[in-house]
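Based on the sequences and whatever the hints tell you, model everything.
Protein chains in written order, with this note's numbering: chain A, 7 to 389; chain B, 8 to 333.
Keep in mind that the hints were calculated from the coordinates and are not lab data. Just so it is clear, CB atoms sit at the ideal spot from N, CA and C, and this is done for glycine as well. One should not assume that every hint holds.
Said to hold, decoys possible - Coverage of chain A stretches by chain B, computed from C-beta distances (three or more under 8 Å per stretch; other residues unrestricted):
id, segment
1, 26-37
2, 135-145
3, 195-209
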Amino acid sequence: MTATGTAVARPPRSSAPREFFAAVNTIMVKELRSRMRGRRAFIVLTVYLGLLALITYGVYIVVAPNVRGFGGGFGGFGGQANASALIGQSIFTLLSIFQLILVAFIAPAFTAGQISLEREKQTLDLLISTPMRPAAIVVGKLAAALAFVVLMIVAAVPITAIVLMYGGASVDDIVRQQIVLLGTALLLGSIGLFFSALLKRTQAATVLTYITMLGLTLGTTMLFIFWTVVANTSDDGFGFGPPKRAPEQLMYLNPGIAMLDVVANTEPGGFGGISSMLRELRGDGGVIGGNVECIGNECRAVDRFGNVLDGGGPATGYWWPRITITFVVLSAILTFAATRLVVPAGMRWAFRRPRAARAAGPDETAVDASEPAIAELPLEEDR
Amino acid sequence: MTGTPVVETRGLVKRYGEHLAVAGVDLRVGPGEIYGLVGPNGAGKTTTMKILATLLAPTAGEAYVTGIPVDADPLEVRRRIGYMPDFYGVYDDLRVWEYLDFFARCYGVPANRRPTMIDELLEIVGLTDKRNGYVEAMSRGMRQRLCLAHTLVHDPALLILDEPASGLDPRARVEMREILRELRSMGKTILVSSHILPELGEMCTGVAIIDRGRLLRSGSIGEIERSLRASALLRIEILGDEAAVQSARDWLGTDSRIADVLGGTIDADGATRIEASFDGDSAAQADLLRAMVDAGHRVVGFNQATSDLEEIFLKVTGQVDEETAA
Numbered sequence: 007m008t009a010t011g012t013a014v015a016r017p018p019r020s021s022a023p024r025e026f027f028a029a030v031n032t033i034m035v036k037e038l039r040s041r042m043r044g045r046r047a048f049i050v051l052t053v054y055l056g057l058l059a060l061i062t063y064g065v066y067i068v069v070a071p072n073v074r075g076f077g078g079g080f081g082g083f084g085g086q087a088n089a090s091a092l093i094g095q096s097i098f099t100l101l102s103i104f105q106l107i108l109v110a111f112i113a114p115a116f117t118a119g120q121i122s123l124e125r126e127k128q129t130l131d132l133l134i135s136t137p138m139r140p141a142a143i144v145v146g147k148l149a150a151a152l153a154f155v156v157l158m159i160v161a162a163v164p165i166t167a168i169v170l171m172y173g174g175a176s177v178d179d180i181v182r183q184q185i186v187l188l189g190t191a192l193l194l195g196s197i198g199l200f201f202s203a204l205l206k207r208t209q210a211a212t213v214l215t216y217i218t219m220l221g222l223t224l225g226t227t228m229l230f231i232f233w234t235v236v237a238n239t240s241d242d243g244f245g246f247g248p249p250k251r252a253p254e255q256l257m258y259l260n261p262g263i264a265m266l267d268v269v270a271n272t273e274p275g276g277f278g279g280i281s282s283m284l285r286e287l288r289g290d291g292g293v294i295g296g297n298v299e300c301i302g303n304e305c306r307a308v309d310r311f312g313n314v315l316d317g318g319g320p321a322t323g324y325w326w327p328r329i330t331i332t333f334v335v336l337s338a339i340l341t342f343a344a345t346r347l348v349v350p351a352g353m354r355w356a357f358r359r360p361r362a363a364r365a366a367g368p369d370e371t372a373v374d375a376s377e378p379a380i381a382e383l384p385l386e387e388d389r
Numbered sequence: 008m009t010g011t012p013v014v015e016t017r018g019l020v021k022r023y024g025e026h027l028a029v030a031g032v033d034l035r036v037g038p039g040e041i042y043g044l045v046g047p048n049g050a051g052k053t054t055t056m057k058i059l060a061t062l063l064a065p066t067a068g069e070a071y072v073t074g075i076p077v078d079a080d081p082l083e084v085r086r087r088i089g090y091m092p093d094f095y096g097v098y099d100d101l102r103v104w105e106y107l108d109f110f111a112r113c114y115g116v117p118a119n120r121r122p123t124m125i126d127e128l129l130e131i132v133g134l135t136d137k138r139n140g141y142v143e144a145m146s147r148g149m150r151q152r153l154c155l156a157h158t159l160v161h162d163p164a165l166l167i168l169d170e171p172a173s174g175l176d177p178r179a180r181v182e183m184r185e186i187l188r189e190l191r192s193m194g195k196t197i198l199v200s201s202h203i204l205p206e207l208g209e210m211c212t213g214v215a216i217i218d219r220g221r222l223l224r225s226g227s228i229g230e231i232e233r234s235l236r237a238s239a240l241l242r243i244e245i246l247g248d249e250a251a252v253q254s255a256r257d258w259l260g261t262d263s264r265i266a267d268v269l270g271g272t273i274d275a276d277g278a279t280r281i282e283a284s285f286d287g288d289s290a291a292q293a294d295l296l297r298a299m300v301d302a303g304h305r306v307v308g309f310n311q312a313t314s315d316l317e318e319i320f321l322k323v324t325g326q327v328d329e330e331t332a333a
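Structure below.
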């Protein structure tokens, strides 16, 4: 026996990132094994795609006769192409918004139980008593829950791609739409996971996640409007000076605005109802009461006296990158917070870096490196 | 290997606020032992085990697993132990082999070793035919065995099993015992807890009796028994009326070796049984009996209560009651 304090013969370990991703993969494989089992997942996916297909068809049925009606009128010339583009644009708009709504409801449902269910079923202790890092467990859980949501989002691409046939929306638009959907899924998934780690009961976590989701969409919108109205009411009352607005950063939390921004890009020339609304949110060009004037394919914003409004370039492309980046940052923060919460306060010490072996360690407890530990013997020889 | 205890604790203390769950426990478990932690519910067994399993940080004292201080490198300790908690759940929608595969991955067992290892583990715990069954559909006994198998996926040196036989029917208990014996023959060191001593007594190489966070006795069952035999419990049956019995009691009370005279239950045949804890060996007992008869007491029964494990346990934990009362 060597008496070298508590020096421990350590088996060579794989690098930390590799270990981390192996652990993430472990959780994912297990989660997906049970999630994709049976018919449930396939039925959910089929129903989802079926709904999207129905919407696509429905929009076509409604929009097509109308646009054919005013054939060459739209935008001055190139009527046939524009009619087709309008169908494409309508389908794209509705599909995008509908998918966003579905993702907003599905992502929380998949994540809000991830950790609280483990607590309720008393499986979490077994999991966190393994040498896996809590961060790997949390990221694995999030990845597993989002994997199915991502599958749903990506599986809908071929349906969305129908719009390419009509025109009106480009491949770029579809890519942006996907980015916004994935970003939204990521944020809502992280929120669900965070509440799941924070609260003991899945029910409470689910409710809070949905409330947060509604707060991010409807809540920020209403707050924005309310704020703007109050700010303008407290004005001197004569309406001089530019109208005041709530800070636009409030809308960085709103996935709906991101999607509207993507959709607005398909509006002719970058102008239209949604574009104007987005411009107004930004206080860009003061389109309140303004109009869009199109000559051929050239559109511009004008006020009611016919003056071209400044800063009036297409309003699209402003929101979605900012919102998506905000979402990614928030998700990272929430995931980190969930990592802290998943391990009980009394156990966090276990995941810190190994402390240097204590100098006062008793000699006889030293492990002799020359003798094989029982753990290292192969099982077959033991039996 | 004799120099390296697999488990060693020194003055282990765990405090929850005001409550002292573990109050200075010293344990030493050598390689290849099956060591039992026995004590009533709430004695501190689970807390001690959780500290060793690196699920709780000790308030004071030291705990080593295969020589590694548990609070210095918990993750390394985890690689060397298999822990089975007293309460745990299982995952829905997961097959038995997937369950083991999952934990094998958690412990970083390489992919090429997993399939054979899973088959071997299932054979050890007798669940080979349940390989593709669903975990949530299994009986309690099967789940306990599966959970035991899960502690073995990374081939640890030490198994920490918290009440592995609780809630099992007698047959399942026997099966569990058989499995533990087999694991021991494979070279595993096993730390196992129970609130029932006899359940463990027969197979344990060593036992620690814990109550209210304190270690009352430790050693082999034989050692504990011997240490208790110094104060044997005598059952003495006296024939006669109340006055005769009372005089016998008084007489016994004068003997300095007799610590306590209890009872006074009347048997069906008219004899009254009294119990006395007596500090002395068999020869001293014989002397006592002769002196008693010589003193004119009508003794019809005189024997030492056979100390089965249950009684040892009650006695040891009972002594604490007296100590704390005093």
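Outcome of the hint check:
no., hint, verdict
1, 26-37, "holds (count 6)"
2, 135-145, "holds (count 4)"
3, 195-209, "violated (count 0)"
Consistency note: the structure conflicts with earlier hint 3 alone.
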